[in-house]
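S.K.: Using the hints, position chain W against chain Y.
Line by line, the protein sequences give chains Y and W.
Quick note on the working numbering: the first sequence kicks off at 1 and runs consecutively.
Quick note on the working numbering: the second sequence kicks off at 1 and runs consecutively.
Watch out, some of these pointers could steer you wrong.
Claimed, not checked - Looking from chain Y toward chain W, a few residues come up when the C-beta cut is under 8 Å (computed):
hint: 1; residue: Ser43
hint: 2; residue: Tyr58
hint: 3; residue: Asp88
hint: 4; residue: Glu104
Stated by the list, open to error - From chain Y, some residues computed to sit far from chain W (all C-beta separations above 12 Å):
hint: 5; residue: Thr17
hint: 6; residue: Glu59
hint: 7; residue: Glu87
Bear in mind the hints are in silico, worked out from the structure with no lab data behind them.
Here the structure is a predicted model, which means the values were calculated and not measured.
By construction, the Cβ of each residue, glycine as well, lies at the ideal position given by its N, Cα and C atoms.
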Amino acid sequence: GAVVSQHPSWVICKSGTSVKIECRSLDFQATTMFWYRQFPKQSLMLMATSNEGSKATYEQGVEKDKFLINHASLTLSTLTVTSAHPEDSSFYICSAPHSGGSGELFFGEGSRLTVL
Amino acid sequence: AQSVSQHNHHVILSEAASLELGCNYSYGGTVNLFWYVQYPGQHLQLLLKYFSGDPLVKGIKGFEAEFIKSKFSFNLRKPSVQWSDTAEYFCAVIAGGATNKLIFGTGTLLAVQP
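For reference, chain Y alone in the conformation it holds in the complex (with noise of 0.2 Å):
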């Protein structure tokens, strides 16, 4: 099946750096790719939607000027988590979807920020 691939898995900076994941389509291209958070023990909230060479659309009460996301060709989008601060420390998972139109999302391994 179609593989997304993040990195890092884990990542711990100090409160005010920034951060950049890496959310990878492997065997497909994707124009479009999502970023979902998850606290724990709660569901997955999504973030943005990430589209290949233009802005990316973020949800009601997320921040665009610190979760900048870019999705540079069709099979890379980041995020980058900036300023971070210990709030910000969360599970971050991108997903991608499937080429066929059949709405089922391909998901990535999840990226772990821990802020300081």
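M.R.: Same frame as chain Y, now just chain W:
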């Protein structure tokens, strides 16, 4: 706003017991419904989905789910669970034809005791 609720946050069963996980959504129009599973240390993966047609859908590993439109429900079932079914299960909905914009429930952690 659309929402998905899963009533059971944590379920513990013995092997061979039957399983039913509840899922309800709030949206009055057309919906596409999914169950995803995340085994320990692995990615989320699709278990089954419903778009249209027979409201009883069968997925991988013996799972099935029934779409009951009048109850806004899409409960997941398996007649006899195995230890390897230990995982977290997420119900998800795409509402109103929104392209791939999945709304997830809070998840149910299933632990099957051997």
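S.K.: Work down the list of hints and note, for each, if the structure agrees.
M.R.: To see whether the hints hold, each was checked on the structure:
Annotation: interface hint on serine 43(Y) holds; nearest CB of chain W at approximately 4 Å, less than 8 Å. Because the closest C-beta pair between tyrosine 58(Y) and chain W is about 12 Å apart, greater than 8 Å, the hint is violated. Taken as an interface hint, aspartate 88(Y) does not check out: its beta carbon lies about 20 Å from the nearest beta carbon of chain W, beyond 8 Å. For glutamate 104(Y), the interface hint holds, since its Cβ comes within 8 Å of a Cβ in chain W; the closest pair sits about 5 Å apart.
Annotated as non-interface, threonine 17(Y) keeps its C-beta farther than 12 Å from every C-beta of chain W; the closest such distance is 27 Å. Glutamate 59(Y), annotated as away from the interface, has a beta carbon of chain W within 12 Å; the closest lies near 9 Å. With a minimum CB-CB distance of about 20 Å to chain W, glutamate 87(Y) clears the 12 Å threshold, and the non-interface call stands.
Violation of the numbered hints given earlier is confined to hints 2, 3 and 6; the remaining hints are satisfied by the structure.
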